[in-house]
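A.B. asks: One-letter residues, chain by chain:
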Amino acid sequence: MATRGFRYYTSNASKFIRAVAAVHLLHTYVLEFAITGGLSMLPTLHTVGDHVFLDKYNHRLGRDIKVGDVIVTSKPTEEHTRICKRVAGLPGDIVYCDAMPKAPMRAAGMPDDLVGLSTDVTNGRTGKYIKIPEGHIWILGDNGMASLDSREYGPVPKALVVGKVLWAVYWGPFDWLPSWPRQIGSNIEATDLSIADFLPTTPSRR
Amino acid sequence: MSSISSRFACRRLRSTRATFRYTAKTVLIGLSWVPVVAYVANHVVWIGVIDGSSMTPTLNPETNGLAKDVTLLWKLNAKNYSSYKRGEVIVLRNPRDPEGTVVKRIIAFEGEEVRTRFPYPESTVIVPPRHFWVEGDNIHSIDSNTYGPIPIGLVTARVQTIVFPLGRWGSVPTAGGRDPRSVVVGLSYSRYPNST
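Residue numbers (our numbering), protein chains in the order written: chain R, 1 to 206; chain U, 1 to 196.
It is possible that some hints are incorrect.
Stated by the list, open to error - Covered stretches of chain U, as calculated for chain R (at least 3 residues, CB under 8 Å): (1) 47 to 54; (2) 71 to 85; (3) 94 to 105; (4) 145 to 152.
Quick caveat, the hints were computed from the structure, so don't treat them as lab data. On a predicted model such as this, the values are computed, not experimentally measured, just so you know. Ideal Cβ positions, reconstructed from N, Cα and C, are used throughout, including at glycine.
So here's chain U without its partners, still in its complex pose (with noise of 0.2 Å):
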């Protein structure tokens, strides 16, 4: 009898050291999987929600601000200049608030001539070397017509599908946007001869 109530004892004890065990290796396994989760967000995919109303009617349709449009953002190859096309979407770091991001339209590559807008002092500019010519598909965007080109290191993702209103689920389009004043008026490659 007694033997018997003593086995009871130790294997409550060793039950319990058995589950703190398995806790604390559970919770370390599981902290060592951040890094790569983070490695994924930071360099593969992720789920970004547009906040503001830059790109609207593309992305956040509502004016209200209520309803806030989530989208895919692939980030594998971001970083690669030759990969873009003309009319993407894309996620950059805002030049003026390094803190800061914003999504616009690809306008215009590099050596590429293009017509301002308003807030712009020129009239047309050449997009330098591994820049892009960036705007929102919203009329009040600021864009590079307030902070000029923007070079290709400020690219984090490209805004790939619209995940959230189910409804709008799909790519977001590379057509639209704003009325196509902002045009490529022409190549001048020869002015950055060693630009590719």
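This is chain R alone, in the form it adopts within the complex (with noise of 0.2 Å):
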């Protein structure tokens, strides 16, 4: 074999790290093909072997959103860890949290923001009424006994979403070839429910 000159390696080394840069800026700006996995979305992705497309063009930083996309955040309460969850409230929205066993963190420190308080004694739940802060978003999974979420940590910033998922691939560990893709989004109608409809009406009735 022959044996090469430097410019040679140093011609191939610099296309290659411009060719990782491009693809690199194209798939933090732009779009992404990311492996999911968990128990958190079950009924719309699967634990293992689903794909998502991501739409980050449009949607990065939360720009866009609405409730009931299905979004990739960065989990506040770790630094490398990204979660696929659906969005529940938007900015000003009034939201209801079901009592985890912990508090929600973010959310417990503004009584601003903290609308009343319910006790559901038939369920045996203690919840509270959270207004969303601006430019924050309330993120739940769709396998609510399986998923930390907004309970857990209160709002989410807009600033940690990633994007916004499209489409769906799922390519099992045993699959010989992926499946069709499928459209994962907005399942949840607006509705013209206030905050008035929620709200208990009397104390309590006990």
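Combine the two chains into a complex, taking the hints into account.
C.D. replies: In structure tokens, the structure reads:
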């Protein structure tokens, strides 16, 4: 084999660096094809083997996000973890927060966002109504029993949103070929309900 | 004679074509380096112009808003929580406005109990896992006392060095700022046993 010159290797390395940087730029700002896993979005996304197509160009930093969208954000309580959840509330909305074993942390210290307390005695649950602050969203997993979401860490800043899930492809570990892409998105229609429909009319019905 | 003139014409033609090809090639090669520069700007180091007076007097000591400090924003290791030290000045995305960024100083880390200032509704707060308590050096700063602890994911860079007013060239001090009313009361790791 012929020996290659120094210029040959430097030129190839430069081309490689530029190509990798271009792909990285595309993945950061335009679109990404990512693998998802976990139980928290179970009816919508499989536990293993689902690959999602993320739209970052239009929906990065929570731009143009609606209730019902499935989004990927970086997890507030971990550094390098990303989570896939469904948007359940936008800035200004008032959401009901089920009591988790631990109270929501960011929301806990914000009484101006705390609209009301409600004790549902029949179900034995205690929750609270929280007004979502400006620039934040309320995210929930579709599988509420196995999901760590805004009920745990409160409203999530929109700036953490990485992108919106548009399509999912299932390619299981034992599948020869990937499935046909299926659309993921707003399955919840906007309603005309107001907070008055949710707030308890009487202090308690004990 | 005719052969000379034809050769001359041919040479001129080739020369313009070569010039065009050279220009096009240079432009294309230059464009191909744009992603690399963008990567460096996003993940390694970049220059930042500080706007506003929330970090006065550490940054932008002139309060007239005309002189703006130019700083070196160090972005390598910016998402590594344990690499931050108390008092470091960081750039983070505004939690209330995702398009904007703010510059603040780190006051407290996860699991620490902080004594808060005025707009915050409670007297003390425990910083959640992988969150910072940040404050500006100026009294009129909108900081964690307004929007609560901020997650590490919002942090973009650390403000390493003041570059432009050459008289104040040097690293940004980790001490300084407001009166130390906002202090760390204590540690309470027991509340978040899975945080580390």
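A.B. asks: Does each hint fit the structure? Answer for all of them.
C.D. replies: Okay, the hints, checked on the actual structure:
Interface restraint, the stretch 47 to 54 of chain U with chain R: violated (0 residues with C-beta to C-beta distance below 8 Å; minimum three). Three residues within the 8 Å Cβ limit are the bar, and the stretch 71 to 85 of chain U against chain R gives 3, so the coverage statement holds. Counting residues of the stretch 94 to 105 of chain U whose beta carbon lies closer than 8 Å to any beta carbon of chain R gives 6, which reaches the threshold of three, so the coverage claim holds. Check result for the stretch 145 to 152 of chain U against chain R: holds, 6 residues qualifying (beta carbon to beta carbon below 8 Å, three or more required).
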